[in-house]
Amino acid sequence: MIHGNRKRRAAAGAFTLIEVLLSMGIGILIMTSVLSSLDYTQRAVDAIHNVIETETAGPRVMQLIREDLSRLAVYDVREYRLYQGKNLSEGPNDADRFDFVAYRRSTRPFHDFVREESVWAPLVEVGYRLRRNPQLYDFLELYRREDFLQDEEPFKDGEFTLLYDRVLNFDVRYAARPESDIRWEDEWDSEEREGLFFAMEIRLEIEVQPRRSKESLGILGANRARLTFEDVYAVPEDIRWVMRNRIHPYLPGADEAGTGDGGGDAAQEGDGPNVIGGGGGGGLGRGGAGGDRRGGRTDRGGGDGSGGGGGP
Amino acid sequence: MPARVRSAGRNGFSLIEVMAAVMLLAVSLTLLLQLRNDSISRAMDARNLSIAARLANQLLHRIEAARVSDLFDGYQGDFSDYDLPDFRYVIGIGDGSAFATGAGSSLSESEFAWRRQQQEQSEQDKEDDVATENTRVFLTVAYPSSRSANEENEFVLESLVPTWAVEQDWEAWEELWAGNLPLDVK
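Taken in sequence, the protein lines are chains V and G.
Numbering of the first sequence is given in my numbering, commencing with residue 15 and proceeding in unit increments.
Numbering of the second sequence is given in my numbering, commencing with residue 32 and proceeding in unit increments.
With the rest of the complex left out, here is chain G (with noise of 0.2 Å):
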């Protein structure tokens, strides 16, 4: 009862108090760091994103317009030409392609199988010379991820190209298009 006293007497707050609200105010800046650190990070992987979509883009147009020489199931490389030599890229071809979902995930067991069946079914096409007038392309670009240097994260693309472009069979454009050539210049 007397310590009571003296202390509402000096109006002031004991150590533990102190420390207890010192301690407080760490945890809650701590939190708020991290969220900041956390909300960094998901702009980096959303900006990785973006500009891996973009990069597809880029190159599925290319490979319409048949710029992607020598194009086969499986061909690599980088984004190095843009100055970004960590956005990776592999091309699949064909509904086949074991290179349909990227490095990073699975096949689910049923598409699997389809994509077995399409395999066997392209094959068979090339040996009976039937040619189809568009291949399946898979693009899958591989990005840095903000959770660590060593992990990546993916974005897959999937469309259906001209198939003289992914060949770049100029004689197949010209039996099919040639009459769309425009005249020399004047």
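Chain V with its partners taken away, still in its complex shape (with noise of 0.2 Å):
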């Protein structure tokens, strides 16, 4: 009888209720165990896509911005055109911009075509503007403009590169001076004021596009999707001297070639105006760098030593 069982079950080639029943339990337990860890680590990996946009987009870009402040090209400004910020709108959200010209190496090589080689901008015109987002309306993009070297237009043109496209709001003030209730102002232009500010305080506000859903969000508490970064840049007291008295470097051996000591005694002597570079008599002006930095009046009537043929 048995034996005539077995003969038929192996003909039928059949599985008994309770093996398929028992294999499609296991198999469902392995189906959502494997499926749910997938989802879990999809959601891990978009929250972690969430911090780093979170936690990178908008650092990186005042982070950008805190660098190439660091770098003002305070030696040699003519006219104290250095710097220009202007308060600007674009429909309800704040667009500020501003330029000004910076030591940093240029980020794309010029061509030397006579020595076939690249060449890099050791001074370059920098400049953050903002433009509405043509594909996103609600959205600004942050673009930072640099430009070779320096020209007689210090504040235009150069090349934009796209920083960040989903900005709300880039806000920047300034502050003359340091006290106690301190006075902003929205604008700034050295050339005008005859000097740098003291301080600016910049607010960016952007809006990050979270990759997939509330709950991948949820999972490392990165749920906000509007973030504002703010930060103050107070400019070093004694770059803002440098800027202030027309500061003009001294290179070493510029004497022996025959070059035009300038007021520089008069002003080391500290008593009187920090006289800077002479009067255009030499092109390389030593003054000023050994003088009274303590508030010494400046003498801008002397002439400046860039105003003197061949300065640095």
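Any given hint could turn out to be false.
The calculated label-pair distances, taken between Cβ atoms and stated as ranges, are [stated by the list, open to error]: (1) V:Leu137 / G:Glu205: 30 to 38 Å; (2) G:Gln155 / V:Tyr117: 35 to 43 Å; (3) V:Lys170 / G:Ser141: 52 to 60 Å; (4) G:Asn165 / V:Pro263: 22 to 30 Å; (5) V:Val48 / G:Ser139: 47 to 55 Å; (6) V:Ile253 / G:Lys157: 27 to 35 Å.
Example chain G residues on the side facing chain V (calculated, C-beta under 10 Å, incomplete) [claimed, not checked]: (7) Gly43; (8) Ser45; (9) Val49; (10) Ser70; (11) Ala74; (12) Ala77; (13) Asn88; (14) His92; (15) Leu207; (16) Leu214.
Please keep in mind that the hints were generated in silico from the structure rather than gathered at the bench.
All residues carry an ideal CB built from backbone N, CA and C; glycine is no exception.
Both chains are sitting in their own frames, so use the hints and assemble them into the complex.
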């Protein structure tokens, strides 16, 4: 009898109901575990993407601005034309812009066809501008402007690089001096003010694009789509002093080349005004750098060294 | 011998084999899930550390611009203004600050001795009315740990800041840098 049953089952090639149910149960268990694990892994990947988006996009832009500002080209500035910040808006959004000259290596080289080599500029015009995002009309695009070396128009032209395309507001304010009840101004023109601001406050508001779902945002607490980054950049006072007093760098060995001493001695005495650079005798005025940096009055009447021809 | 023949003839698994397979699967899945949780908690710690470093730098920039009022050794607060109330800070002022390494770690013996000496020197300077150009500032930002709700990690930032900015001494600034004042708006 048993022998007959086995023969029938073998001929049918089938499983019993309990075997099928058991294998289905195991299959479902495995599939559920694997799928839920995959889903969680995907959420974790998305969450990490969101973290990267929230903690790198804004801070990276702020850091770039700060690095540019820390290299303000304060030496040999003609007519104090170094920095220009304007208070602008694009519809309801703040879209301030600023431009300046910085001692930064250019990001793109210039090809010198004579020497057949690529040349990077040690000095560039830099600017930060915004415009309406043509695809996402609620947002602004933030661009960094860079122009090779410095020309007659230091606040115009150049090449633009997109930094971020979902900016909501970009607000910049300036303070002329430190005080307890600090007075912020919306614009700054170093030519008009004949000097640099004491500090600038930058406020950048962006909206990050969550890759996927609210659930993924909840995993790491990175659940904020709109983020505001604020920073204050205080220009070091010695940098402001160089700019305000129009200091020209002194090159070792410049005397041997027959360059003028300018008003350097007068400045070094410290009592009188800081006559910087002399009256255009030589190119490399050396005054001022050894002068009294504690607030000697500036006399620009003596001419600046940059006008003397051949200045660095 | 007959049993083996029967088993081979049925061509299936025994219960013990299935249970062993399921057990292996369960163990490996548990390990994978633990790995996932571990990577998420590490990502969370990395994110929090990154935020803490950014907030500490922002605070330092505010101190450099003399934008933090009534600063003293042990000044405390949190970053609820930036929607991050779980992130707290303590500011230590001066070489001999008791808040030089945050609350979570203790000073080594030699460092303690050095800081003690610096503290005495600083007190002596104050008595002698000697002003130092720069003041050492320690910023400790405590941020939540992923390991437990009660545990905190710390990020410590140390920097030299102009003394007039730390003390908000406008007269000292005038004395040093009044010549830097730009022209008024025309």
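ask   = So which hints don't hold here, by number, going up?
value = Structure breaks hint 8 only.
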